[in-house]
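Novice: Chain by chain, the residues run as shown.
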Amino acid sequence: MIKFDNVGLRYDAGHEILSDLNFEIRKQSFQFLTGPSGAGKTSLLRMLFLALRPTRGAITVLGRDVATLSRKDLPSIRRRIGVVFQDFRLLDHLTTFENVALPLRVRGRTEASYRQDVTDLIEWVGLGERMNAFPVTMSGGEKQRAAIARALIDQPDILLADEPTGNVDPPMARRLLRLFLELNRTGTAVVIATHDFGLMDQIGARRLVLGEGRLAIED
Amino acid sequence: MQSRTDLLSRFQPTLDRVRTMIEHRRAVRPTPIVPPGNVAGRALVITVAIMTFLASLTVGAVTLVSETASEWQNDIASEITVQIIPRDDLDMDAALAAVEEIAGRTPGVTSAARLTDAATSRLLEPWLGAGLELGELPVPRLVIIAIDGEAPPDFDALRQELEDKVPQAELDDHRAWVSRLVSMANAMILTGTGVLVLVLVATALTVVFATRGAMAGNKQIVEVLHFVGARSEFIAEQFQRHFLRIGLLGALSGGACAVCLFWIMGLWTASNRARPEADQISALFGSFAIGWTGYLGVALLIAFVGLVTGLTSRFTVLKQLSLIDMLSPVET
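Quick note, the sequences are listed as chains Z and A, same order. The first sequence begins at 1 in full-length UniProt numbering and counts up one residue at a time. The second sequence begins at 1 in full-length UniProt numbering and counts up one residue at a time.
Read the hints as simulated data drawn from the structure, not as lab findings. Hints are not guaranteed to be accurate.
Below, computed lysine to any residue pairings styled on SDA-like, alpha-carbon distance capped at 25 Å [claimed, not checked]: (1) 27(Z) with 168(Z); (2) 319(A) with 71(Z); (3) 319(A) with 3(Z); (4) 165(A) with 219(A); (5) 72(Z) with 323(A); (6) 3(Z) with 95(Z); (7) 3(Z) with 172(Z); (8) 319(A) with 70(Z); (9) 165(A) with 231(A); (10) 319(A) with 184(Z); (11) 72(Z) with 231(A); (12) 319(A) with 165(A); (13) 219(A) with 3(Z).
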């Protein structure tokens with residue numbers, strides 16, 4: 001679904017922070033992306049999500065060569081990739097329901113057409129009681145789950161999550177992991193960027209390990 | 001107390017219905033993605049209102065001038081004058097009669113009448129004083145000829161005939177005066193149009209800055225919309241909606257103030273018609289009434305300013321989004 005061939009990334013004229021990346025995110029696969037802080041996990045995630053252009057190499061996303069993509073092609077590809085940011089990026093003036101429904105709203109769908117789906121998903125992530133709450137009144141874990149629900153609402157082909165358990169306690173982290181596994185079983189490829197070894201040790205998933213700008217794969 | 005409770009209970013069903021309607025409306029209309037409070041509204045409404053007010057005044061002034069000039073033109077074009085220069089051997093009465101007779105039988109002339117002695121004396125009174133004896137002074141005399149505006153006479157033929165029969169007669173068809181008036185009015189209309197264009201450009205530029213400010217202030221929202229797959233047009237619409245509302249509100253307030261001013265000026269000149277200040281204004285602009293073209297112009301201007309505001313914000317958002325690197329919207 002996503003393929004990196006000899007990809008390198010540098011900011012400005014500095015040295016490459018990521019070099020010779022060669023890997024593939026396969027359909028319905030589950031993997032962790034890990035490495036020490038500053039190893040470039042977030043930059044790699046941004047390239048996966050078409051938010052950052054590589055300085056060399058080739059990236060293929062959902063069968064399209066990124067180098068040949070025009071600006072107009074981006075939204076339709078992004079709609080097939082769900083992203084959970086470390087800082088959630090929920091809109092503060094919208095309720096949980098409205099935040100989760102946002103991807104469907106930007107696709108031009110009416111509220112009547114998605115009300116039930118959004119309600120079901122919010123209940124699935126355990127936020128049924130917080131349907132009309134605004135982000136400022138929610139805990140870190142609640143915001144995290146709302147952000148996850150927003151990434152999942154349109155059943156993406158790939159889910160990218162940046163430190164999704166960074167702001168929650170261990171029981172909540174386990175609950176979120178179960179949620180990602182359940183999602184993976186329904187057919188979505190999942191990439192979780194984390195440096196939480198406790199979380200990774202819970203399941204024997206593939207690990208993409210970043211270190212000194214290079215990637216090692218532990219299957 | 002009892003009656004108050006009765007009154008409340010009587011209106012309770014209506015209140016409930018209104019409440020249900022408001023709740024339904026809230027439910028139907030989702031929360032705006034870009035909240036109105038995030039767009040610096042009030043200052044922009046005032047700016048647009050001031051701009052529209054100035055533009056409306058210009059529209060009013062331009063229509064007033066063009067309508068008045070056209071009235072002058074019509075009045076003058078419906079009248080020509082023949083001036084007879086006195087000479088020692090000239091019988092003024094006979095010359096006046098001859099001019100009246102020639103003009104009277106010329107096709108296209110509706111009437112020809114000499115300016116009476118009394119009227120001529122009144123005309124000269126500011127220079128020569130009262131009690132003037134026209135016979136004692138070599139004063140030129142005038143014959144006023146009214147012409148049919150639809151089918152005017154052949155001026156050259158009339159001038160030729162007058163010169164042949166009464167060599168001291170000079171025909172003035174006011175063409176030089178009319179053409180000077182028309183060019184003055186045209187210059188004013190051109191200046192007014194220039195001012196109008198400048199005001200509209202200034203309004204558009206203000207909206208560009210305000211939109212850029214609003215986008216910078218809502219950077220997080222723009223980013224989120226990007227990564228949930230919103231198209232640029234969708235993002236632009238979220239901003240355009242606010243700016244269209246701001247533009248229309250400002251334009252309506254400014255336009256309404258200008259219309260009120262026109263109306264007050266019209267009332268003032270009408271009620272002070274006899275006073276010297278109003279007389280001067282009336283002498284220039286007639287009744288100082290902005291015609292329906294002026295009001296229509298202001299209405300069009302309001303719609304146009306609203307449209308300019310909405311479209312400018314849309315293009316600014318699209319331009320700003322296109323400036324963001326194709327693959328790094330979240331980075332910038």
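Novice: Now look at each hint and say whether the structure bears it out.
Specialist: Going through the hints against the structure:
| no. | hint | result |
| --- | --- | --- |
| 1 | 27(Z) with 168(Z) | violated (28 Å) |
| 2 | 319(A) with 71(Z) | holds (13 Å) |
| 3 | 319(A) with 3(Z) | violated (32 Å) |
| 4 | 165(A) with 219(A) | violated (88 Å) |
| 5 | 72(Z) with 323(A) | holds (14 Å) |
| 6 | 3(Z) with 95(Z) | violated (36 Å) |
| 7 | 3(Z) with 172(Z) | violated (32 Å) |
| 8 | 319(A) with 70(Z) | holds (16 Å) |
| 9 | 165(A) with 231(A) | violated (85 Å) |
| 10 | 319(A) with 184(Z) | violated (39 Å) |
| 11 | 72(Z) with 231(A) | holds (8 Å) |
| 12 | 319(A) with 165(A) | violated (77 Å) |
| 13 | 219(A) with 3(Z) | violated (30 Å) |
The structure fails to meet hints 1, 3, 4, 6, 7, 9, 10, 12, 13 from the earlier list, while all remaining hints are met.
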